[in-house]
Each structure stands twice: as C-alpha cells, then as structure tokens.
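Below are the chains, spelled out letter by letter.
Number of protein chains: 4
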Amino acid sequence: MDIAHLGHLELMTPVFDKSVRFFTEIFGLTIAGEKGDSVYLRAYDDYERYSLKLTAAKTNGMKHVAYRTRSPQALERRAAALKGTPFEIGWTDGDLGHGKTFVCKDPDGHVIELYYETEWYEAPPELKPSLKNQPQRFPGRGINPRRLDHWNGLAVNLSECREFFEKYLGFRLTERIVLNDGREAGIWLTATNKSYDFAYTRDATGVPGRFHHITYAMNSREEILLAADVFLENGVFIETGPHKHAVQQTFFLYVYEPGGNRVEVANAGARLILAPDWKPITWTEDERKKGQAWGLKTIESFHTHGTPEVAHK
Amino acid sequence: MDIAHLGHLELMTPVFDKSVRFFTEIFGLTIAGEKGDSVYLRAYDDYERYSLKLTAAKTNGMKHVAYRTRSPQALERRAAALKGTPFEIGWTDGDLGHGKTFVCKDPDGHVIELYYETEWYEAPPELKPSLKNQPQRFPGRGINPRRLDHWNGLAVNLSECREFFEKYLGFRLTERIVLNDGREAGIWLTATNKSYDFAYTRDATGVPGRFHHITYAMNSREEILLAADVFLENGVFIETGPHKHAVQQTFFLYVYEPGGNRVEVANAGARLILAPDWKPITWTEDERKKGQAWGLKTIESFHTHGTPEVAHK
Amino acid sequence: MDIAHLGHLELMTPVFDKSVRFFTEIFGLTIAGEKGDSVYLRAYDDYERYSLKLTAAKTNGMKHVAYRTRSPQALERRAAALKGTPFEIGWTDGDLGHGKTFVCKDPDGHVIELYYETEWYEAPPELKPSLKNQPQRFPGRGINPRRLDHWNGLAVNLSECREFFEKYLGFRLTERIVLNDGREAGIWLTATNKSYDFAYTRDATGVPGRFHHITYAMNSREEILLAADVFLENGVFIETGPHKHAVQQTFFLYVYEPGGNRVEVANAGARLILAPDWKPITWTEDERKKGQAWGLKTIESFHTHGTPEVAHK
Amino acid sequence: MDIAHLGHLELMTPVFDKSVRFFTEIFGLTIAGEKGDSVYLRAYDDYERYSLKLTAAKTNGMKHVAYRTRSPQALERRAAALKGTPFEIGWTDGDLGHGKTFVCKDPDGHVIELYYETEWYEAPPELKPSLKNQPQRFPGRGINPRRLDHWNGLAVNLSECREFFEKYLGFRLTERIVLNDGREAGIWLTATNKSYDFAYTRDATGVPGRFHHITYAMNSREEILLAADVFLENGVFIETGPHKHAVQQTFFLYVYEPGGNRVEVANAGARLILAPDWKPITWTEDERKKGQAWGLKTIESFHTHGTPEVAHK
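Chains as they are written, first to last, in our numbering: chain Y, 609 to 921; chain P, 609 to 921; chain B, 609 to 921; chain R, 609 to 921.
Simulated from the structure, these hints should not be mistaken for lab results. Hints are supplied without guarantee of correctness; some may be wrong.
One copy or two, either will do: identical chains are not told apart, so a pair holds if it fits within one copy or between any two.
As the list claims (entries may be wrong) - Keeping only pairs whose Cα atoms sit at most 25 Å apart, straight-line, the calculated SDA-like set for lysine to any residue is: (1) K736 with P884; (2) K898 with H913; (3) K626 with G717; (4) K887 with G707; (5) K775 with E908; (6) K713 with R685; (7) K740 with Q857; (8) K643 with E727; (9) K671 with E642; (10) K740 with W886; (11) K905 with A688; (12) K740 with F910; (13) K643 with E847; (14) K713 with G817; (15) K736 with W891; (16) K740 with Y655; (17) K740 with H911; (18) K740 with P888; (19) K887 with L735; (20) K736 with V844; (21) K898 with F910; (22) K671 with F695; (23) K887 with T709; (24) K897 with I907; (25) K740 with K887; (26) K740 with E893; (27) K626 with Y864; (28) K898 with E908; (29) K905 with Y864.
Construct all of the structure, not just a fragment, from the sequences and the given hints.
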C-alpha cells in the first residue's frame with residue numbers, strides 16, 4: 609500500500625511544437641511550466657502541478673513514468689526494497705514540481721520514478737475555478753479531459769513485469785489476458801480504487817521498453833463522443849473507438865498525437881474496485897478474439913503500433 | 609487504512625411491500641436473499657451479495673450501517689481500538705452474507721457494523737452477465753444503478769462524530785461546511801478514492817441517530833436524467849434535482865421511497881481523491897447560501913426531512 | 609408536400625414468438641393490437657396507434673411500408689397521380705388503426721400504402737403518462753426508443769426509385785452516394801424536417817424488393833450506448849456500432865432481431881433540414897471508402913445482408 | 609404552409625463589446641459579418657449566413673425577428689395577405705445575407721421580417737468542416753450550440769397574437785396554457801416539425817413588444833450540463849435550469865447575456881410533431897403550478913424579467 613497513484617509521464621516527441629499545440633489547443637491541457645526542452649502540462653482537475661512532461665527529442669516514446677508514494681516513509685520503504693536489485697537506478701533531487709526521487713526500471717526497461725514531495729497546483733487569477741474543490745477552471749477549449757487516468761506500456765515478458773510490480777511496488781492485478789500457451793498477453797494493475805492505474809501489453813516485436821498509450825479521464829461517454837468530433841475537425845488521426853472495452857469495461861477513444869504517441873480518452877462510468885481482496889479476472893485467447901464489448905474487432909495497429917516505432921515483420 | 613469501503617445499510621420501512629416494489633421494479637435492484645422481516649437487495653455491480661437490507665418496521669430510518677475492513681487483522685484492530693469505549697456494542701456472528709461482526713455506535717447513536725468475511729455474489733444462470741468482470745447482468749429495468757455509493761446521516765454534534773470516525777475508524781475528511789459560529793454543519797469523509805463514503809449533516813431538531821439518505825451510483829448524468837423520467841412516470845416523489853452539488857461536485861437526484869426514506873442517485877464524473885494528503889475543503893456559511901453549483905437554491909426539506917420523521921418547530 | 613411522414617412498416621418473421629419477445633421485452637415496444645398472424649407494436653411517443661406491424665411468415669423482410677398524407681385531399685391527389693401507372697395496385701379499406709388506403713409499389717417492387725385517416729393512440733389507464741403531451745408512459749423496460757424514425761430499403765436501380773419518389777410522392781433528396789461510374793449507390797429522401805424519412809441502398813445481388821433496416825429514434829447518444837449493453841446482455845447480435853455515420857451524421861447501432869431483420873437505433877442530435885431549398889449532398893466513391901465519421905470501416909455485411917436473405921457469390 | 613422556418617433575430621445590447629465577447633468566446637458563435645453598429649453571428653450548423661444580428665443600442669430587447677418563406681411565391685402571398693392590414697409595415701431591400709423583405713408587426717408590436725432570398729454560408733478555409741453535410745467546422749470553443757432553435761416573446765394579449773400568426777402566417781398552435789379566467793398565458797406555435805418555432809408568454813406589466821428569450825439547440829442534454837459549467841466558470845448569470853419543461857418537454861438552461869437579454873440552450877431529444885393534424889395540448893393553471901417536469905418550481909424572474917426591462921409593481 610505504499611504507492612498512492614500514478615503521478616505523471618514524460619513523453620518524447622520529434623515534432624515538439626506540433627505536439628504542444630495538440631495537447632494545449634485540441635486536447636485542452638494547460639501549460640504549468642517550461643524547462644529546457646520540456647513543457648509541463650496539466651488537466652484541469654489534476655491536483656499536482658502537472659501530469660504530462662513533454663520533451664523534444666529525436667524519437668517518440670516514454671522517457672519515464674512517475675508514481676507518488678503515500679508518505680515519505682513509504683518512499684523510503686520502496687527505495688530500500690529496490691536497493692541493490694538489478695532494477696535500482698538511484699536517487700535524484702527531483703524535477704520541477706516534485707522533490708527527492710528514487711529511480712528504478714522495470715524488467716522491460718521502462719524508467720520509473722517514485723516521489724512523495726509534490727507541488728500542489730495553484731491557479732493564476734485568470735484560471736481560478738468557481739468551485740473551490742477544483743484546482744483550476746474548466747477550460748472550455750478542445751476536449752477538456754478531467755485528469756490523468758492511466759498509462760499502458762508494451763513489454764516482452766509480462767509475467768516478469770507483473771511480479772516486479774506486485775513484489776516491489778505493491779500493485780494489485782485486477783484483470784489479465786492469458787494465451788492458450790500460458791503466456792500473459794495483457795495485465796492490468798492498480799494501487800487505487802480505479803480498476804487500473806496502468807496496463808502492460810505483450811510486445812510482439814521483442815523490442816523492450818516501448819510505450820503503448822497515455823490515458824486521460826473524461827467525465828462521461830458523451831464527452832468522448834464530443835472529443836471524437838473535435839479530433840475529426842482538427843485532422844487528428846483516430847485509430848479506433850469510441851467503443852467499450854470488454855476488459856475493464858472502459859469506454860475508449862484512441863488517437864495519435866502529432867509526435868506519433870498514442871493517446872486515449874476514457875470513461876469508466878461508476879466502476880471501481882472496492883474489494884480489498886479482488887480476485888483477478890482472467891480472459892482467455894478465445895474470449896479475447898471476440899473483440900471489444902459490443903463486438904468491434906480489435907484493430908490490427910493496436911497490436912503493432914508502439915513508440916518508439918520499430919519495423920514489423 | 610483499516611476500513612475498505614461502505615458495505616451495506618439496513619433501512620426500516622413501515623410499508624414493506626411498497627418499499628420492496630419500489631426498490632426492485634422502479635429502482636432496479638435485485639433480491640439476493642430474504643430472512644425474517646427483511647429482504648436483501650443489490651445493484652448489478654455490487655460485488656458483495658447485497659448492499660441494502662430492507663426491514664419491515666413500525667417506523668422508517670436506518671437500523672445499521674456496515675463497513676467492510678481491509679483484512680481480518682484490520683477488523684481485530686478496529687475492535688481492539690473500540691473495546692471499552694462508550695461506543696462499543698460488541699461482537700456478533702454476522703448476518704446473511706457476512707461473518708463475524710464488531711458492532712459499535714457513533715457519538716450520535718447510529719449503529720455501525722464492521723466485518724471482513726463476506727459472501728461474493730454468484731449470479732443464478734438467468735442473471736449471469738455477458739462480461740465476466742461484472743457480477744450480474746445489467747437489468748434493463750427501472751433506473752439500473754451500478755453500485756452502492758455512500759450514505760448521509762444526520763447528527764446533533766458533527767465535530768464529535770468527525771473525531772470519532774477519524775480516530776477510531778481512520779476515515780479522512782475531504783470537505784466540510786463550517787458555520788459563522790464555528791460549528792460544523794456538514795462533513796464528508798472517505799476511506800477510499802471516492803471523495804466521500806459517507807456524510808453527516810447537522811440535525812437541527814436535536815434528535816440523535818437520524819438518517820438523511822442512501823445513494824447509489826449511476827454511470828452517467830444522462831442515466832440520472834432518465835431516472836428522473838422513470839420516477840416521474842411511477843409517481844415517485846422527487847424532492848430536488850437533477851442538479852450539481854457545489855460541495856463534492858456530485859450530480860444528484862433525490863426522491864423518497866414509499867417508506868419515507870430519502871434515496872439519492874448520483875454521478876461524480878471522473879472526480880476522485882487520489883492525493884494521500886488531501887487538504888479538506890471548508891465551505892463557509894455565505895458560500896453555502898449561494899445554493900448548488902449552478903445556482904439552484906437548496907430546498908427547505910433538505911434541511912428538515914430525515915427518518916424517522918420528527919416534528920419541526 | 610402531400611406526404612406528412614412515415615407511418616409504419618409491416619415486417620415478416622419466421623420466428624414470430626421470438627421476434628415479439630425481442631420487440632417487447634428487449635426493445636421496449638408496446639403491443640397495441642393483434643389480428644390474425646400479426647401483432648401491432650408502438651414506441652412510447654408514436655402518436656398513431658402503432659408503427660410496426662409484425663407478421664408471422666415463412667420468410668423475413670418487409671411486406672409493406674405506409675406513409676400518412678397531410679390531408680384527405682392529399683391522399684386523393686397522390687392516388688390520382690399514380691392511377692394508371694405501372695406502380696398502381698389500388699384502393700383497400702385499410703387495416704387496424706387506419707382507414708382507406710391507396711396501395712402502390714416502387715420501381716423495385718416494395719409495396720407502399722398511403723392513408724390519411726388514422727387512429728390516435730389512447731393509452732389504457734396503466735400506461736397513461738405523467739405529462740399530457742406524450743401519448744404513453746415511458747416504459748423503463750429494455751431500450752425504450754421514442755418513436756419510429758426511418759427505414760432503409762435495398763433496390764437494384766436507385767435512380768429509378770429516386771425519380772419515382774420525387775415525382776409521384778414529392779419526397780426530396782437530401783444526400784446520396786454516387787459511384788465513379790455514375791450510378792447512385794445510396795439515396796436519402798425526406799418529406800419532413802428530419803434529414804431523411806427513408807433511404808435506399810443499391811442491392812448488389814440483383815434481387816428486387818428487399819429490406820435493409822428499420823430505425824427507431826432514441827433521445828440521446830447515451831441511450832444508444834445503454835441499448836448496446838442491453839443487447840449484449842440479452843444475446844442480441846450486434847452487427848456494427850455504436851458509431852456516427854458520415855452521411856447524415858446519424859449516431860447509430862445495428863442489430864438483428866431474431867427473425868433476421870436488421871434493426872437500428874439512432875440519434876440525430878439537433879440536426880434538422882430546415883431549408884426548403886436544400887441542395888443535396890453528394891458523396892463520392894472515394895469519400896465513402898473512408899468509412900464512417902470517426903473512421904470505423906463499413907462492415908462487409910452492411911453491403912450484403914438484407915431480408916429476405918439471398919445467396920451471395 | 610408558406611413559412612419555412614425561423615431565420616434570425618436582431619437583439620439590442622447596451623454593452624456591445626461584452627455581448628459580442630459572450631456570444632463568441634463563451635457561447636461559441638462565429639462572426640459572419642459586420643455592418644454599422646451590428647455584428648452577425650452564427651452557430652456551426654446554421655445553413656444561412658447568420659442567425660443572430662447583435663446591435664449596439666441604448667437599451668436591450670429584440671429589434672426584429674425574421675422568418676424565411678418556402679418560396680418567392682410564398683413571400684408574395686404573405687405580403688398580399690398582410691397588405692392593407694394594421695400589421696403592414698412594408699417592403700425593404702433586405703439586409704446583409706438576405707434579399708427583398710416584407711416587414712410587418714404582430715398585434716403586440718414585435719417587428720417581423722419575411723424573406724425568401726438568402727445567402728448560404730460559405731466557410732472560409734480555416735472553418736471548413738470535415739463532413740461536407742455541415743456548413744462549418746465544430747468550434748470546440750465555449751458551449752458550441754448547433755443551430756438557432758426558437759425564440760420567446762412577451763405579449764399583453766396572447767389570443768390576439770395567436771390568431772394573427774395562425775391567420776396571416778399559417779403557424780400552428782401545438783401547446784398552450786389557459787388560466788382559470790380563460791385567458792391564454794402561454795402559446796407555442798410551429799411552422800416546422802419542431803414542436804415550436806416560437807412561443808409567447810403573457811406580459812403582466814402591460815408593456816407591449818417585449819422579448820423573453822432566444823434559444824439555440826444543443827445536440828444532447830449532456831452538452832447542456834457542460835454548458836452550465838462553462839457559464840459558471842465565466843461568471844455568466846444562470847437564471848434557472850438545467851431541468852426539463854413539462855410544456856414541450858424541452859430540456860433547458862437559461863442565462864442572461866451581459867446586455868441583459870435572456871438566452872436559452874435547449875434539447876428536445878427525439879421529440880418532433882409529425883402529425884399534420886396535431887391537436888393542441890392545453891395546460892391548466894393548476895397543472896402549471898406544479899412547476900417543471902421533475903418538480904422544479906418556475907422561478908419568479910421567469911414571469912417578470914423581459915427586455916427591455918420595465919419596473920414591476
């Protein structure tokens with residue numbers, strides 16, 4: 609129980625200006641800071657200063673993901689558990705918006721930052737909300753996601769990854785896909801009452817450390833339908849959706865931001881995992897072949913497109 | 609962190625048959641058991657066997673509320689903490705659907721049950737869902753709430769109650785109303801990432817132990833608008849809403865079931881409390897007078913109607 | 609301007625009892641009459657007695673479609689225009705719910721009834737609505753469509769059909785698909801402010817008189833998403849959707865009723881054709897290949913499945 | 609049947625710049641022209657060049673309302689019918705966006721323009737939509753109404769007004785309120801399949817020619833709930849709603865633009881008046897006292913606030 613929640617992701621983009629324009633004008637995030645080659649972006653109900661660090665780079669993909677711990681002690685406990693393991697990278701002083709940070713990597717090589725000290729967002733006067741239980745004004749610009757929800761990585765060996773997250777970080781598995789040969793092809797884990805804070809999907813290319821998508825939460829399915837129109841009008845590539853996942857029942861819509869990274873907007877309705885002893889749901893290969901909840905076939909690129917992009921056979 | 613979540617409520621009704629018909633045919637709950645003078649009811653995504661025990665009685669109001677602990681050890685810890693205090697009532701063997709139970713009461717006299725062992729709902733064949741991550745088929749009958757969300761009690765001294773829940777049960781305060789004279793007039797507490805699992809409102813009558821409402825979660829605001837039509841068509845008394853609360857931002861609709869108990873259906877959008885160190889929001893008397901989020905004045909009966917009903921000056 | 613609106617369809621089903629159960633318990637229509645091998649069904653806001661006549665038969669498909677005229681004189685004018693043409697079938701005394709009827713067929717052989725005298729629905733006491741501007745109580749059972757919206761026929765030669773409907777019945781073309789070889793592949797026509805009261809799609813099988821789908825209007829897109837869950841839970845075959853058509857922008861969901869006939873639920877948002885001189889929109893073959901509005905590819909069966917079913921090469 | 613639909617309104621505002629900013633940045637209309645003291649504004653799916661002419665003036669209120677006829681002949685017929693009556697004002701050359709116009713006034717003094725020739729909106733390149741059956745790109749800015757829907761006038765003698773609109777312009781009454789003393793207190797009339805294109809409400813002040821509100825159509829009720837948040841965040845005065853009218857069943861939200869004129873956003877679901885012989889619904893004084901559909905009491909200012917504003921006793 610040491611991890612409180614997903615904090616932020618750092619995504620790389622080879623077309624920085626276009627990506628910034630996408631995330632601010634079309635996606636409706638707000639710039640909460642700039643430093644070096646990066647801008648720090650936030651949704652209107654993220655309580656921390658930002659939830660997405662966008663960094664100019666030669667390629668796309670995820671540079672790191674950060675989780676906030678429940679307390680300073682929890683941070684020390686996680687660091688102690690990882691100390692001396694092959695996953696340890698070490699302590700840093702943190703970054704804009706958060707303090708002292710322990711860095712590690714998962715068995716697939718995704719870089720993970722753990723931190724507790726964080727900067728709560730203080731809206732400038734023109735962005736003050738009308739309701740004081742919300743950190744920032746509802747933008748009314750583009751699609752207006754509420755908050756960061758989860759992310760999805762690609763990994764070569766999902767079972768190793770799952771064990772890592774269960775053992776070292778205390779995440780709980782809520783659902784998974786197991787192929788007929790016994791290999792896990794998808795895992796969904798949580799540290800909160802959300803049914804997942806992140807998911808990993810098997811990377812068929814054998815290239816480790818890749819990124820599948822980042823997801824922001826919308827307040828309703830109707831907001832996702834409206835987002836689809838906004839994406840359509842702005843020439844954003846819509847990969848698949850809106851539709852409802854059978855796994856986790858999330859209502860989803862996937863697009864690619866100009867830098868090539870996949871971005872999802874999602875709504876879970878009122879679904880939460882409240883049981884402290886939730887028994888993971890296992891989906892078989894046959895069940896998975898049925899496609900999404902209402903019968904939409906899973907689009908081929910969903911299995912192949914990740915960032916950075918690699919050649920497929 | 610010993611309490612996992614709100615488990616169920618036991619409500620009393622002097623018109624048992626009418627109340628059962630309301631909760632099953634109009635509200636869309638399913639009967640999951642019957643014993644003595646009670647029926648046990650559930651929403652389609654409640655993972656436990658039931659979330660509402662409805663009991664024939666001479667009056668209305670709440671007989672008890674039950675919270676599930678995170679583990680058997682957590683249950684023992686809470687019992688040990690309460691043992692010997694004026695709040696202790698003692699152990700029981702449990703009830704249909706849950707095991708060994710420690711019973712206590714809060715400073716206002718509401719009876720609280722704590723338990724860990726619980727029966728997971730197993731749907732009979734005709735109620736099996738199509739998606740295996742859901743315990744029961746979506747009913748498609750009446751208003752179809754997804755799951756129990758929270759409840760609201762009335763209490764004479766809110767500060768005493770808040771301290772009780774913080775100290776003995778580990779709930780965290782997320783929002784509150786403080787009057788100009790310094791008294792708390794409303795408190796919202798949580799043990800989960802929901803922004804509240806229950807709330808207490810000041811009872812101006814001075815009568816302790818009363819009940820304000822039970823709330824089921826709907827997947828969307830549109831489902832609440834549809835519910836309003838279903839209530840209208842079935843002659844159910846709509847007290848106020850649909851509208852959006854300023855406090856907690858919940859989209860709400862309040863009705864009275866035939867027994868007189870207030871019932872709410874609500875949707876929180878994608879709002880969650882993810883911060884482990886959330887700083888409680890305090891609303892002043894003046895802010896409260898502004899009414900609900902979009903300006904609807906708080907209806908008078910919201911301050912006066914509770915169950916069991918008492919004479920007002 | 610002689611046609612007022614689409615009145616009803618008569619659909620045939622080889623599995624009568626199952627189809628009746630589908631349309632009443634899952635789809636949420638109400639039985640408003642029975643005669644011979646037929647039941648007469650209605651949505652809650654259809655002002656006429658019924659909008660669907662369902663008839664037991666050896667096959668599936670549409671037996672006839674009926675349009676109401678704006679006045680008795682309008683009916684006489686349409687009959688006079690058709691008298692002596694190859695399309696004339698002749699006068700009948702009508703059927704349950706409507707009076708004197710002129711019957712004709714379109715160039716593809718679909719049977720069309722024209723009538724003016726109609727029976728306004730009078731709800732029995734238990735189905736009286738709470739609001740007097742609605743003929744029947746909102747059912748709160750299954751998916752609850754509001755009213756009949758449109759239907760879609762298959763035809764071998766769309767241009768002939770279009771000219772027939774424009775010349776003899778005064779329908780106006782609002783949108784169409786024209787293939788690279790100049791043939792029309794889809795036509796949408798209206799007699800109202802709805803953007804279409806019916807559509808015809810080119811039948812590649814060369815078999816005339818076939819039926820593509822009947823459509824009921826839902827109040828919102830969210831109701832269509834809820835309908836998808838109801839269909840899923842009841843084992844109804846979902847062919848495609850929910851998604852948004854590029855043509856006419858209709859939000860759609862297609863299922864097959866047990867008799868094999870395709871049934872759509874749809875929502876047009878606030879879109880209406882108000883211009884009396886609307887200029888038809890023409891979609892090219894290339895534009896059509898882009899799929900639906902948000903990129904969903906048009907499903908193959910949408911081009912091949914019609915009723916009665918015929919063998920495809 | 610000579611009137612096709614409501615074309616546009618000209619509203620006056622004493623705070624022109626603030627009103628323009630409201631209608632463009634918050635309300636999401638687009639400027640489609642400027643001339644003299646006026647800007648011409650449009651919603652994204654209005655097919656004509658504009659639907660709102662906003663004019664700087666010393667007061668607020670409506671300067672004129674314009675209806676488009678079904679044909680040039682229809683315009684001539686309406687002019688001929690009104691020629692020589694006390695309602696005639698005479699012909700003009702039109703205005704930006706529409707040609708030759710016959711001007712008259714109703715018995716209460718509201719100025720009415722009738723025209724046929726109109727300019728279809730042609731979007732500049734940056735506002736071209738992705739779907740060719742829509743005149744302009746969905747803005748994704750503010751609340752994004754789809755199109756002008758209706759307007760509401762105040763009048764001293766509603767029966768005289770109703771008879772004028774029925775006799776001279778061919779509108780049909782669909783619903784009305786009749787007081788116990790026999791006077792009409794509200795009338796709703798239509799020339800389309802919408803259940804009303806305008807309404808008149810009894811003006812208790814005895815001052816003729818006043819304006820109650822203009823209404824734009826939203827695609828869904830959820831869009832209206834989102835609009836409420838946008839209004840809240842921008843300090844726009846919300847008078848009442850969101851809620852559902854009993855009369856006409858419209859889901860509504862009323863605000864005041866900075867110039868003091870009341871503006872509504874509304875959604876009718878899939879409700880249409882398709883019957884050519886619709887029998888008007890009459891609501892009694894007692895029924896009216898029940899308030900709106902789900903029990904919200906009609907707010908007092910709804911009976912008193914009109915523009916230009918006058919002193920009330």
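Hint by hint, here is what the structure shows:
no., hint, result
1, K736 with P884, "between (37 Å within a copy, 23 Å between copies)"
2, K898 with H913, "both (21 Å within a copy, 21 Å between copies)"
3, K626 with G717, "neither (28 Å within a copy, 55 Å between copies)"
4, K887 with G707, "between (35 Å within a copy, 19 Å between copies)"
5, K775 with E908, "neither (33 Å within a copy, 47 Å between copies)"
6, K713 with R685, "within (16 Å within a copy, 36 Å between copies)"
7, K740 with Q857, "between (32 Å within a copy, 10 Å between copies)"
8, K643 with E727, "within (16 Å within a copy, 51 Å between copies)"
9, K671 with E642, "within (17 Å within a copy, 50 Å between copies)"
10, K740 with W886, "between (34 Å within a copy, 14 Å between copies)"
11, K905 with A688, "neither (45 Å within a copy, 52 Å between copies)"
12, K740 with F910, "between (40 Å within a copy, 23 Å between copies)"
13, K643 with E847, "neither (32 Å within a copy, 44 Å between copies)"
14, K713 with G817, "within (9 Å within a copy, 53 Å between copies)"
15, K736 with W891, "between (45 Å within a copy, 16 Å between copies)"
16, K740 with Y655, "within (12 Å within a copy, 34 Å between copies)"
17, K740 with H911, "between (43 Å within a copy, 23 Å between copies)"
18, K740 with P888, "between (38 Å within a copy, 11 Å between copies)"
19, K887 with L735, "between (43 Å within a copy, 20 Å between copies)"
20, K736 with V844, "between (30 Å within a copy, 15 Å between copies)"
21, K898 with F910, "both (15 Å within a copy, 19 Å between copies)"
22, K671 with F695, "within (16 Å within a copy, 53 Å between copies)"
23, K887 with T709, "between (32 Å within a copy, 23 Å between copies)"
24, K897 with I907, "both (11 Å within a copy, 17 Å between copies)"
25, K740 with K887, "between (38 Å within a copy, 12 Å between copies)"
26, K740 with E893, "between (47 Å within a copy, 14 Å between copies)"
27, K626 with Y864, "within (12 Å within a copy, 38 Å between copies)"
28, K898 with E908, "both (14 Å within a copy, 17 Å between copies)"
29, K905 with Y864, "both (19 Å within a copy, 18 Å between copies)"
In summary, the structure is inconsistent with hints 3, 5, 11, 13 from the numbered list given earlier, while agreeing with the others.
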